[in-house]
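Chemist: Sequences listed follow chains B and H, in order.
Numbering of the first sequence is given in the numbering used here, commencing with residue 81 and proceeding in unit increments.
Numbering of the second sequence is given in the numbering used here, commencing with residue -15 and proceeding in unit increments.
Each hint should be verified, as a subset may be incorrect.
As the list claims (entries may be wrong) - Facing chain B, according to a computed beta carbon distance under 8 Å, are these residues of chain H, among others: (1) T170; (2) V174; (3) L202; (4) V204; (5) L241; (6) L242; (7) M245; (8) L248; (9) I257; (10) Q260; (11) P262.
Said to hold, decoys possible - SDA-like mimics (lysine to any residue), calculated; alpha carbons at most 25 Å apart, straight line: (12) B:K94 / H:F142; (13) B:K346 / H:D166; (14) B:K346 / H:P225; (15) H:K72 / H:D166; (16) B:K333 / H:Q249; (17) B:K346 / H:H(-11); (18) B:K283 / H:E167; (19) B:K283 / H:L248; (20) B:K346 / H:T231; (21) B:K346 / H:Q249; (22) B:K94 / H:G144; (23) B:K283 / H:R247; (24) B:K94 / H:H140; (25) B:K333 / H:S(-7); (26) B:K346 / H:L183; (27) B:K333 / H:L185; (28) B:K346 / H:D19; (29) B:K283 / H:R243; (30) B:K283 / H:D252; (31) B:K283 / H:G318; (32) B:K346 / H:S(-7); (33) B:K346 / H:M110; (34) B:K346 / H:K72; (35) B:K346 / H:L185; (36) H:K161 / H:M110; (37) H:K124 / B:P360; (38) B:K346 / H:E(-12); (39) B:K346 / H:D125; (40) H:K72 / H:G54.
In case anyone wonders, no lab produced these hints; they're calculated from the structure.
Glycine included, every Cβ here is placed at the ideal spot set by N, Cα and C.
If you want the building blocks of each chain, they are given just below.
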Amino acid sequence: MTRAILAAHDLRKKFAPRTSFLGHGQETIRAVDGVSFTVGEGQTLGLVGESGCGKSTTARMVMRLLDPTSGSIEFQGADITSTRGKALRSLRSDIQMVFQDPYESLNPRRQVKEILAEPFRIHRRPTDHRMRSRILDLLDLVGLLPQHLGRYPFEFSGGQRQRIGIARALALDPKLLVLDEPVSALDVSVQAQILNLLIGLQKDLGLSYLLIAHDLAVVKHISHRVAVMYLGRIVENSESHQLFDQPRHPYTKALMSSVPDPTVFKSSVSQRIRLEGDPPSPADPPDGCHFHTRCWLATEQCAAVSPALVGDTKDETRKVACHFPL
Amino acid sequence: MSAEHPVLSVRNLRTEFATREGTVVPVSDVSFDIDRGQIFSLVGESGSGKSVTAMSVMRLVRPPGRITGGSVTFDDTDLLALNQREMKRVRGSQISMIFQDPMTSLNPVLSVGDQIAEPLRAHTSMNKKQVSDAVVEALKDVGIPRARRRLEDRPHQFSGGMRQRVMIAMAMINRPKLLIADEPTTALDVTIQAQILDLLLEICQQSRTSILLITHDLGVVANISDKVAVMYAGQIHETGPTQEVMTQPRGPYLWGLLRSMPRLQGTDALDPIRGQPPLVTEALTGCRFAPRCAFRAEACNTDPPSHIVATGHEVRCHFAPDSEWVRQARAQAGLP
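Chain B extracted, bound-state conformation (with noise of 0.2 Å):
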């Protein structure tokens, strides 16, 4: 197995009430229940899940953007739970981040140049002829070219702001990049263009993914390895095509089951299996298993007992979290 860059151990998170000037008060959320995962060196982990199940407020505690409430964090093999000051900005320029929405993570009054130019300058690093260089290669790595460098955003598209959103990411040479949606807002024929550079990139650059998204079939083909999270948990993780070809948990099933798939027609769909009504609310979760009320296989054990995510006795990269695995 290769080395670790990141692995978070027993992850929590909880969201106080908040009480109101008429003084009702607002159930804990346990946004972040007990989450544990490492990222491979030079790999990529999927966080995948519905919304709600956690999965931004994990990626926000890896960027150290939120504290966790217990738990710990460890970057290449330190401890950066609780990293403050210097050593916390020199910790930001190894760990970037990807946002969704390529229209509002940028600047709309700054010309790309100066987009680009920004991270250099709030780490304090040289902004002479070296960062222009530097610059060019960005766009280069990318796939833009050096007569975009004096344009504003609104004169892009969404796949080239994408673009720009990634460039500004690699400025300091990153280890891993925080994927959070990085596709999602965008067209499937330009999403392919932009899944293919971030796998290019990553195989030149050797960079570690943690990428987070709910679409099971982007995360199956950029990931090596796949977390399936649900309400605050993790209940599945395993390598990306163990996972995908065979999944052993119930919801992890279900979920694939729902995507919609090009290849089946109407004719066929009904031999899905159906989850029947909503997520519980991550300020209520159900006993046991948080999966238990939504189960077609649940019985009581799984409704007293919370089942633990373990490897299995043959394969102890192949980890699920359930009472009766499939």
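Following the hints, position chain H against chain B.
Modeler: For chain H alone, kept in the frame of chain B given last:
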């Protein structure tokens, strides 16, 4: 040939927007028919003109937009010839519409019961009791549990999926002949999307309502529609029976789209279409897809006609009839 008239027949529809930079033509020369009880998908990427087509059918295009040509025939009525008052009588009773985001299309301060009742009050002369019974029935039909007790609830008390069910109940309450659904599941999670797609299928089968489904997702298209039209830059590029069109695409645009899609089945490398769609101005000449097409030739500088390549399967490409490019494309992709 079906014995019945199509419910909706659109011929050579053209819609223009006058802007400072010149005239933009999001819909030019769009024609299609929807039969009774049929689900018809209009699929395309952003800016392809699919939503403007739907808004044109509903006569909801606002200035500077204007329908400048063609006809829209609904159940033997020429919708483009109706005045505003007559059109209002059609909307919400015979044709209704649901949108992508149910939170922004529902009124946050009115109860759900009142909102669903609105089309009934506007188009029928039912008394209070009849209205309230019909609303409860409509909520039950779309699978909302404990319907009678939820009439007074506000939209924020429902989940995203439940709100979309409320929208569907409202749209279906007058038993319309045509439901226009504009990206109805795009804002929803996949497990909830599957529930809503099932519901649309069920509605279509039980009430024989026709559905015009606007979507960008080829998976959704395959799963629920009978017929599909693929739009590109304001025109229909390829259309026909869904299964035939999706399994045997004969136009290079649909071919490229399918090759760009990551899938759960199979491990093919992605083969993206180069570049991006053009801005649809009046100045466009020749095949609109040609600048991005890997198989373009001299002929593509002139406007391609729509070729019929199989029953009901039409493709706007010069090379669709002999399909030499299909053989080339399959060879390049390493397919038999």
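Chemist: Hints the structure violates: just list their numbers, smallest first.
Modeler: 1, 11, 18, 25, 33 and 34
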